[in-house]
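My request is simple: use the sequences and hints to build the entire structure.
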Amino acid sequence: MLFQINESVAEKFSSGSATAQDVEAIEYLLRGAAEGSHRVSGARAVLRCLSGSNLLGHRAKKTLERALGRIAQEGHLTYRLKTIGEVVSTAATDPSVRFSGTQRIITFPLQWFDASSRIRPVTLIGENLSDVEIFRIIGEVGTLLDGCGYLPMAFTASNGGGSTTGIVLDHLASQNHVCLCIVDSDRLSPTSDLGTTAKGVAKFKNPIDYPLVGVCLASTTLSGQRQP
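For what it's worth, our numbering labels the leading residue of the sequence shown as 1314, then goes sequentially.
I should point out that these hints are in silico values taken from the structure, not numbers from a laboratory.
Glycine included, every Cβ here is placed at the ideal spot set by N, Cα and C.
Treat the hints with caution; some may be incorrect.
Derived DEER-like restraints, expressed as beta-carbon distance ranges [as the list claims (entries may be wrong)]:
hint, residue 1, residue 2, range
1, Ile1384, Arg1449, 25 to 31 Å
2, Ser1327, Ile1418, 31 to 37 Å
3, Pro1465, His1371, 32 to 38 Å
4, Phe1412, Asn1441, 19 to 25 Å
5, Thr1396, Glu1320, 18 to 24 Å
6, Gly1475, Gly1349, 29 to 35 Å
7, Leu1368, Cys1529, 14 to 20 Å
8, Ala1358, Asp1506, 26 to 32 Å
Listed below in structure tokens is the structure:
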């Protein structure tokens, strides 16, 4: 995931009001970027401010400097990607979702990043691991076709299998994993009800209750015909 660091985070560090928890949180986030699990970006002024902070360690500063160096080539990703994360300094404790047009923006309170588990790669869930591999290929080709350039996908593969897919997704969501689940709608016809597997994950399409979960129901019928 691409995490856009909001200016409110830089203001907290530049004003001298950053707490030990704030420092730990930004270090965790930047570790995720350094390890290739995620990317970080932000306005030049924000990244410069944080990279110059004496509160951050050498590795974190180097990660910020690399992010600064990529702005000219990758700055457009903030607006082109379908889903991004925005890291803000706020009193809120849980992530939330808003939409800008069709873009999904997940707002993460800075101090939400309080453990290494919070910066694990996005979990990609399919009905089996072969499906997940196909999704990876589609994702990497899709960014090229969409003009975003080649973006290698960092993710953790997971699978359910039929009706157990919803059970797996429920478990991962309860553990605050950032997840993308893709299953076939299994409709007998374009106007028929969803299949059992799709019904099992449909509730997770609610971004208010599940801000960290994305669900995509493939639009094909059991007869193999694409829905209009």
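These are the hints, each one checked on the structure:
1. Against the hinted window of 25 to 31 Å, the Cβ-Cβ separation of Ile1384 and Arg1449 comes to about 27 Å, which satisfies the hint.
2. Between Ser1327 and Ile1418 the CB atoms are about 24 Å apart, so this pair departs from the stated range of 31 to 37 Å.
3. Taken as a hint, the range 32 to 38 Å is violated for the pair Pro1465 and His1371, whose Cβ atoms sit roughly 25 Å apart.
4. Between Phe1412 and Asn1441 the C-beta distance comes to about 31 Å, which lies outside the given range of 19 to 25 Å.
5. Remark: the range hint 18 to 24 Å for Thr1396 to Glu1320 is upheld by a beta-carbon distance near 21 Å.
6. Between Gly1475 and Gly1349 the C-beta distance comes to about 32 Å, which sits within the given range of 29 to 35 Å.
7. At about 40 Å, the CB distance of Leu1368 to Cys1529 disagrees with the hint of 14 to 20 Å.
8. Distance hint check: the CB atoms of Ala1358 and Asp1506 are about 52 Å apart, inconsistent with the given range 26 to 32 Å.
Consistency note: the structure conflicts with the earlier hints numbered 2, 3, 4, 7 and 8.
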